[in-house]
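Given next are the chains, with one letter for each unit.
2 protein chains.
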Amino acid sequence: MRAERRLDRSGWEPDGIPEAVAFPRTPEEVQQILREATLSRTPVVPRGAGTALTGASAAGTGTIVLDLSRMDRIVEIRPADGVAIVEPGVVTAELDRAAGAYGLSYAPDPASLAVSTIGGNIATNAGGLRCAKYGVTRDAVLGLDVVLASGERISTGRATLKGVAGYDLTGLFVGSEGTLGVVVGATLRLRPLPEPTATIAASYPDITTAAAASVALAEARIQPVLAELLDEATLNAIDPALRAAGAALLIVQTDGGPDEAARALEVLTKGATTIRSATDPASLLAARRQALPAIERLGRPLIEDIAVPRSRLAEAVREIETIAARHEVPICTLAHAGDGNVHPIIVAGRHGEPIPASAHRAADDIFALALRLGGTVTGEHGIGVLKKAWLRRELGDLSLDLHHQIKALFDPHGILNPGKALA
Amino acid sequence: MRAERRLDRSGWEPDGIPEAVAFPRTPEEVQQILREATLSRTPVVPRGAGTALTGASAAGTGTIVLDLSRMDRIVEIRPADGVAIVEPGVVTAELDRAAGAYGLSYAPDPASLAVSTIGGNIATNAGGLRCAKYGVTRDAVLGLDVVLASGERISTGRATLKGVAGYDLTGLFVGSEGTLGVVVGATLRLRPLPEPTATIAASYPDITTAAAASVALAEARIQPVLAELLDEATLNAIDPALRAAGAALLIVQTDGGPDEAARALEVLTKGATTIRSATDPASLLAARRQALPAIERLGRPLIEDIAVPRSRLAEAVREIETIAARHEVPICTLAHAGDGNVHPIIVAGRHGEPIPASAHRAADDIFALALRLGGTVTGEHGIGVLKKAWLRRELGDLSLDLHHQIKALFDPHGILNPGKALA
Ligand SMILES: Cc1cc2nc3c(=O)[nH]c(=O)nc-3n(C[C@H](O)[C@H](O)[C@H](O)COP(=O)(O)OP(=O)(O)OC[C@H]3O[C@@H](n4cnc5c(N)ncnc54)[C@H](O)[C@@H]3O)c2cc1C
Ligand SMILES: Cc1cc2nc3c(=O)[nH]c(=O)nc-3n(C[C@H](O)[C@H](O)[C@H](O)COP(=O)(O)OP(=O)(O)OC[C@H]3O[C@@H](n4cnc5c(N)ncnc54)[C@H](O)[C@@H]3O)c2cc1C
Chain A
119 MRAERRLDRS GWEPDGIPEA VAFPRTPEEV QQILREATLS RTPVVPRGAG
169 TALTGASAAG TGTIVLDLSR MDRIVEIRPA DGVAIVEPGV VTAELDRAAG
219 AYGLSYAPDP ASLAVSTIGG NIATNAGGLR CAKYGVTRDA VLGLDVVLAS
269 GERISTGRAT LKGVAGYDLT GLFVGSEGTL GVVVGATLRL RPLPEPTATI
319 AASYPDITTA AAASVALAEA RIQPVLAELL DEATLNAIDP ALRAAGAALL
369 IVQTDGGPDE AARALEVLTK GATTIRSATD PASLLAARRQ ALPAIERLGR
419 PLIEDIAVPR SRLAEAVREI ETIAARHEVP ICTLAHAGDG NVHPIIVAGR
469 HGEPIPASAH RAADDIFALA LRLGGTVTGE HGIGVLKKAW LRRELGDLSL
519 DLHHQIKALF DPHGILNPGK ALA
Chain B
119 MRAERRLDRS GWEPDGIPEA VAFPRTPEEV QQILREATLS RTPVVPRGAG
169 TALTGASAAG TGTIVLDLSR MDRIVEIRPA DGVAIVEPGV VTAELDRAAG
219 AYGLSYAPDP ASLAVSTIGG NIATNAGGLR CAKYGVTRDA VLGLDVVLAS
269 GERISTGRAT LKGVAGYDLT GLFVGSEGTL GVVVGATLRL RPLPEPTATI
319 AASYPDITTA AAASVALAEA RIQPVLAELL DEATLNAIDP ALRAAGAALL
369 IVQTDGGPDE AARALEVLTK GATTIRSATD PASLLAARRQ ALPAIERLGR
419 PLIEDIAVPR SRLAEAVREI ETIAARHEVP ICTLAHAGDG NVHPIIVAGR
469 HGEPIPASAH RAADDIFALA LRLGGTVTGE HGIGVLKKAW LRRELGDLSL
519 DLHHQIKALF DPHGILNPGK ALA
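Residue numbers (the numbering used here), protein chains in the order written: chain A, 119 to 541; chain B, 119 to 541.
Mixed in with the good hints there might be a few duds.
[As the list claims (entries may be wrong)] Derived pair list, reagent style DSS-like, types lysine-lysine, alpha-carbon separation capped at 27 Å:
id: 1; chain 1: A; residue 1: 525; chain 2: A; residue 2: 388
id: 2; chain 1: A; residue 1: 525; chain 2: A; residue 2: 506
id: 3; chain 1: B; residue 1: 506; chain 2: B; residue 2: 388
id: 4; chain 1: A; residue 1: 525; chain 2: B; residue 2: 525
id: 5; chain 1: B; residue 1: 251; chain 2: A; residue 2: 251
id: 6; chain 1: B; residue 1: 525; chain 2: B; residue 2: 506
Quick caveat, the hints were computed from the structure, so don't treat them as lab data.
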């Protein structure tokens, strides 16, 4: 049990195994655990499904894992209010399914949604495919119920769709990777998302033309629900026949009606080598869904996660190809083109074997590239332990100092997920 | 000059007039002013256009007004990135106009947009008509350039549409009413908003039927761009003929194409006494635009601003009618129905005369009502000085203490807009 809760999905290994794993069922039990942890100065690692890709939920010697997966009730869905009240262990897809019964959706859809928890999504501010149009987790969180390091419990935010009383503590907890408090309840926004009208898959001769097509959508006043870009290496990994149609594939889905769909098709046709449009999205989205499994067949995947200004997307992908060549490691790149969020997936040797140094060097070059292009080292996965060294370079000393002061204010004894999220 | 910068649009009067008004042109000048203010412990009141409705930008004896209206350059619009970089004094409508040249919009549209500044919008987290669908100011702010009380300057957030490195300091500054730092630059998100497809104005026999119609839209998977509700008192103030068509008017605009527009019309027709639909929105929106001027003809308006869960909208409006009768003050109510944000406008005696005590008692009853219905005392205008007493009741002691600790961390000598936003 303790060994099973030691790792997340990053491949990063802490020293030793945790002291204990707690499975609270109520906020009061969480309060009790944190009160005792504060007294004994024991580090606590909150955990949802353990799918983090950064080491954020990894737990080593001397820690208590606070596994929230059994606090998994959807307490209430209030369709007329557009609001859901949930415990932190609710699985993301289950909330969306439950909302669907009322014609509503829970918009943030990380690729891990079939297993990830709402608490983990909140603590990492998870993004997803339809986030370019409908927002990331932050945009769906109206209020939180949080247990502080001291064991005290506060509510932040509200149960209304709008409100500005007080500072935005809700936003401060979102994305804080379990270092400021433990989320024991959340009030979430549900939206009436329209059904997608059209799905379009367009192949282009090169990444530059594909990226330009995705930018041209915005200039035509079209905001797609999703715009996924697959590079040459990814297409080759999935199926060389797919690559034969063009070196870059852009899959776009719109939900604004047939007129918008027709205009999107027109925009995307420019420069495309082949273009397919279908009202049945599954067939066209298949390539995107097959990407990660296909890359995993090549070896152990390190899933990176930078974001760049949208206009630098093509440049980023091309530079990543150069980095792959320089370090002689295969890198397959997927991108959420709509928001410039690029996932270079480094194939880091064989499964089960140590990660080669060249893979780490390639990752460092990718982070440096992100900052050079005016971007960030993490678009949606977070800092965890793997990117701590890069945080100072991105934020600067003064801002990082402020971060540490905020951390000290919320967690004076440093018991909440120490060594994570902050450099 | 000093007397002109003493008041905002709330009617609240501070003691005395400010010591001085500064009109910085550069971030460096702001830094210099704050450095000196810290040394001399002089309170500084940041100011944009002074349109706050809460006393937030009012300035009395011993203060320096830091008027940012001359830092009004749109530094850059990057259409391909969907981003604008602006100084704080840029007028909201001007940014939206400039973005329009590229097929983009700056979504947050407070009714004051023709004069309010981006800095003031950020410091109050301003909302607006199309915010139910496209988000409030918070959702449009990607990064900030902020001068701290010490005179130091930090950047928060980023220039990309997505990113999760570090805590959400951007969100912490948004809505902080000038009490945590002075915004000297902002990186904002621009979106390709579709043109509205249809505008529908529906009259209902009573507020309950009208509110139910607006909730029914969500159940039909329709999210209108705007959904404005006008109550009986408001309709009477504008034109008794308008009232004759029904005691409540709901004006809805959609932008999802003709199919969605047709479905919206069908939903809204249920229970309506009269319904009009037009592709020319101006004529149907006229009633909403005339509302405030019409109410001002009745006397001095106190514009309140609560938000309630959407399902309690009708109850809120009916209770407000009871409060008006109890205190014998006219109250006209407008609501952004899509997000439950209700603006009861208390007609508080004649212009230029003192506000009668009954108006203040009615306001207090309205705030108590908001909390009783599970809502908030401010949906978009903020706390300022007028609602400070209510903040503790909404947040609770523990949360308010945390607020004060955060304030002390950012502004240890309490020079930034003291006496505002926090109880
Ligand atoms: C195949 C795969 C695909 C993925 N796709 C995406 C994607 O598209 N978008 C994306 O953003 N991420 C993605 N991820 C990363 C990961 O799934 C997300 O970060 C997810 O939000 C983590 O949820 P979790 O429940 O597994 O959290 P965990 O991994 O258990 O925890 C993550 C962090 O949250 C903290 N935490 C967990 N619960 C709480 C709580 N209740 N209170 C306070 N802190 C808490 C932990 O301490 C840790 O810091 C993917 C991961 C995998 C393996
Ligand atoms: C007719 C009318 C209609 C309105 N409609 C709406 C509406 O629909 N939605 C809505 O949300 N509000 C509305 N308001 C309220 C007001 O217009 C908004 O709050 C607006 O955002 C204030 O902008 P401003 O530039 O006038 O700010 P000011 O009034 O000058 O300042 C407001 C607050 O921001 C602070 N501040 C200003 N600039 C900065 C800066 N650069 N850095 C740090 N702090 C700063 C001030 O100290 C103060 O606390 C309305 C007001 C009026 C008079």
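Status of each hint after checking the structure:
no., hint, result
1, A/525 - A/388, "violated, 50 Å"
2, A/525 - A/506, "holds, 15 Å"
3, B/506 - B/388, "violated, 42 Å"
4, A/525 - B/525, "holds, 14 Å"
5, B/251 - A/251, "holds, 11 Å"
6, B/525 - B/506, "holds, 15 Å"
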